[in-house]
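Just need the whole structure built from these sequences, with the hints factored in.
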Amino acid sequence: MWSAIDLYYRLIGAQIRAQLQYRVAFLVELIGQAMATGVWFLSLVLILQRFKSIGGWTLGEVSFLYGMVETAFGMMDMLFSGFDPGFFGRQVRRGTFDQLLLRPVDITLQVLGSEFVLRRLGRILQGAAILAVALALAEVRWTPIKLAYLPVVLASLVCFFGGLFIIGSTITFWTVESIEVVNILTYGGSEMMSYPMHIYRDWMRRFFTYIVPGIFLNYYPALFFLDKPDPFGLPPFAPFLSPVAGAGVLAAGLTFWRFGIRHYQSTGT
Amino acid sequence: MSSIIAVGDLRKHFKVYRHRRGFWGALRNLATRQYALVRAVDGVSFEIQPGELVGYLGPNGAGKSTTIKMLAGLLVPTGGDLRVDGRVPWRERRAHVARIGAVFGQRTTLWWDLPVIESLDLLQYIYRIPPERFRHNLAEFRELLELDPFLDTPVRALSLGQRMRADLCAALLHDPTLLFLDEPTIGLDVVAKERIRQFIRHINSQRGVTVLLTTHDLSDVEKLCERVMIIDRGRLLFDGALDALRERFGGQRELVVEFAELYADVAVDGAHVARQDGQQVVYRFERNAVTASELIGRLSARYRIRDLSVREPDIESTVRRIYEERLLET
Amino acid sequence: MRLFWELCKLSFQRQLTYRAAALAGLATNFFFGLLRAAVMTALYGARREVAGLSLESAITFTGLTQATIAFLSLFSWYDVMNSVYTGDISSDLLKPMSYFTFWLAQDLGRAVAALLMRGLTIMIAYALMFRITLPRGWQQWLALAVALLLSWLVSFSWRFLINLAAFWTPNALGIGRFAFGLSWFLSGFLMPLRFFPDWFVRLCNLTPFPATINTVIEVYLGVLTGPELIQALLGQVLWVFILVMTGHLVLRAGVQKLVIQGG
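Chains as they are written, first to last, in my numbering: chain P, 1 to 269; chain Z, 1001 to 1330; chain U, 2001 to 2263.
No wet-lab data here; the hints were simulated from the structure.
Remember, predicted model here, so these are calculated numbers, not experimental data.
One or more of the hints may lead you astray.
Said to hold, decoys possible - When the alpha-carbon atoms are kept at most 20 Å apart in a straight line, the in silico EDC-like pairs for lysine to aspartate or glutamate are as follows:
id, chain 1, residue 1, chain 2, residue 2
1, Z, Lys1193, Z, Glu1226
2, Z, Lys1193, Z, Glu1183
3, P, Lys52, U, Glu2049
4, P, Lys52, U, Glu2006
In C-alpha cells form, the structure reads like this:
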C-alpha cells in the first residue's frame, strides 16, 4: 500500500520537476489558464451589479456555489489529469496504454500518475479566492458542524467529478467520438452546479438529482451553509448526502473502468 | 528442462464490424451489426527453451504482433494453451510482467517528457529492483549501450537509435528471464543496427536471457538467431533451424531483366526462369552458384538488354515461396 | 484567385466529413444553450426588458452565442502556431499565394461549413424549443449577412495575429489561451455587452472583440438601427483593416526572423 503511494509521488514528482524546469512557460500557461476560467466569474460579478440577484440568490451566495465548484474541479482536474478523457483517449489510440499493462503496478495508479498538469493549480487558487470572497459577502453563520463539513463537501465534489472523468476515459476504449458528450457532464455539469439549481427546468434538475446526483454535491450543502430553505421539500438530511453522492459516482466510475480494461484486454484496440 | 514458453493450439479471433456506409447504412448499423471473423492467430503451437534466441518472422498482418501481445499478457486468447514460465500471462499479469522485458521499435516504453535517467530511476521503483542490483545493471548497460551522452536528455529529444538503446536498457534493468523484441532495428542505420545486435547477442549469451525477436529484417535473423519461426495468416509455416531455412529458400536471388526484344527462348546457364512476362523475365539463381555480374555477362552476350535490376530475398517473397513449396509438396 | 476558391472548397468539404464530431458538438452546444437560457431567465426574474433587450431576445442571445462558437472558432485556433512549431510553415510559405490568404481561404471554408452544420442547426433547434427573435425585413437580413461576413473577417484576422506570436516565443500556446479567454470576456460572448457597466463597455470597444460577436448579435436582434447600425458595421470594417494591416506587418517581421534564424 505504502509502496503504491510512494510510487505515485515519484511519478508525479518527476513530472512536476519537468514542468517547473521551464518556469516562464509554466507561468504563461498558469496565467493563460487563469484568464480562461476566471473570466466567467468576473462576468458574473459585473452582471450582478445590474441584476442584483439570480433566482433570488445574491452575489455572495452564488459565489459560494461558484467557489466550491471551481476549487473542487480544479483539484480534480489536477489530480485526475491522467483520466482526462481527451488525454487518455489519445494514449489508447497511440498504444501508450499498453505500456501500463506491461508494468507490474496497478493500472489505475499508473493512469493517475501518468499525467499531472501543474498549471491547473491556477484554477484551484481562483476557486479558493472566489470562495473567500463568497464567505465574506454571504455572512455565513459558522458552526462547528459547518466548519467540519466544508472540506467534506469539497472532497465529495472532487470524487464526483473524478468519477465522471474516469467514466469518460473508459468510454474511449470503445470510441473517441463520444468524448464531447462526456464533456457535457463534466464541464456542463460543473457550470450548471455553479448556479442555484432551482432556476433550471424540471427535467434538467431531475436528471442531476436522480441520474447524476450533482444537486447533492453543491446546491443542497449550500442550502445548509447559507441557512436557506429547501424549495423542493426533500428530507432534512439531503444536504449531508454529498459524501454518498461523491463516493457513489467515483465507485461507479471505477467499476466501469475495470470492466473497460477487461474488455480492452480481450479485444485489443 | 521445462520450456519457458509453451504454446498449444493458440487462437485469437477478432470480430471486425462492417461499417455500413451512408444514411440508411448507419440506421441499419443501429439495429444489427454485420461482422467478419478475422483469424489473426489460428492454431499456433511451439515451445521455447530457456536461453534460446528465436526469430519470429512473417509479413505484415501475419499475426506476429498478436502472438507477442498474448505472450506478454496484453491480449486474452480466444482459445488454446499458453504458458510463460509456468504462468498464464493474462491471468497473473503483475507476476508475469515483472519477469519479462519488452521493447517495441515503433514506440518507447519510457516517459516522453522526462530525462532518460529519471525514467530509469522510476523503473527501479516500479519493478522493486534491489538498489545494489539496479546500480550494477545500470552501470553495465550504460557502458555496453553507450548511454552517457544522452542520459539527461528527455526521451522526446532522442534520435531513434538513442531511444532504442535507452529502451533496451530499461527492458533489462529488472533482470527479466524473457525478452520480447518487436522490430528493434527498424529505421536504424547499419552501424546502429549492428550495435543493437551485438547487445542482444551479449545479453543472450552472458545473462542467459531468452529472446523472442520479431522482425522484417532478414539480416537481423541471419546475424542473431539459430532458430526461426515463420507465421503467415495466423498459421506457423516453419519452425526450425535457420540453416534449414537457408538451405531450402535462402541464398536465392532474383534478376529482373527487361529485354529489348521479345525472345522465345530466354534460358541461361546458372539460373532458372521464375517468371516470363513478354519482354520482362525474372531469373532466380543461387548466391553460391553464380554471381550477379557473371549472370549479367552471360545474358548480355546472348541477348539485347534494355534494363535490369537485382532483387534480394525478403521475407515476403520467402514466405510466398514457402507457400509454393507447400503446394508442390501436396 | 482560383486557388483561393479551391482551398476554400477543400476546407469546406473536409469539415463536412466530421459528421460525428459535429453531431456531438451540437449536443454540447444545445446543452450549454439551455443552461445559459435558464441563467438568463433567472437573472431577468420579473423584468420584461433589460437595457433594450426583451427576455425573448436575451434567450435568443444564448442560442446565437452557441451558434457562433464553431463559426468563429471561438474556443481555440492554433493552426498557424502549430505549423510554425512543426516546421510545416516552410513549405506553406513557398506556395504561390500570400500566407495570409492561404489561411484565409481555408478558414472561410471551415467557417461556412460550421455556420451550416453547427450554426443554423442550433438556431433551428432553439426555434423549436423557445420563442426566439428573428430579423425582420429584408434590410435586417441583409445587414445580418454583412455583419456575419465582417465578424468572420475580424475574428480570423485577430486569431491569425495572435498565432504569429509563435515566431518569437515557444510559449505561444499559453499566450493564445490567455488571448482567447480575454476574447470571451470582452466580446459579449458570455453576456450581452449592454448588460455590463458603461466603463466596461468603453473598455471593450478599445479592442476588436465586440466586433466579432456583440455587433453581429445586436444586428440580428434588431437593436441596432439606422445610423447606429451603419456605425457598428463601419466599426467592424475599421477593425478588419487594422488587424489585417498589423497582421501583414507582423508576419513579414516574423518570416524575416524565421529566415535569418534558419527556421
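Status of each hint after checking the structure:
no.	hint	in the structure
1	Z:Lys1193 <-> Z:Glu1226	18 Å, holds
2	Z:Lys1193 <-> Z:Glu1183	11 Å, holds
3	P:Lys52 <-> U:Glu2049	15 Å, holds
4	P:Lys52 <-> U:Glu2006	53 Å, violated
Comparing the model with each numbered hint stated earlier shows that hint 4 is the single one that does not hold.
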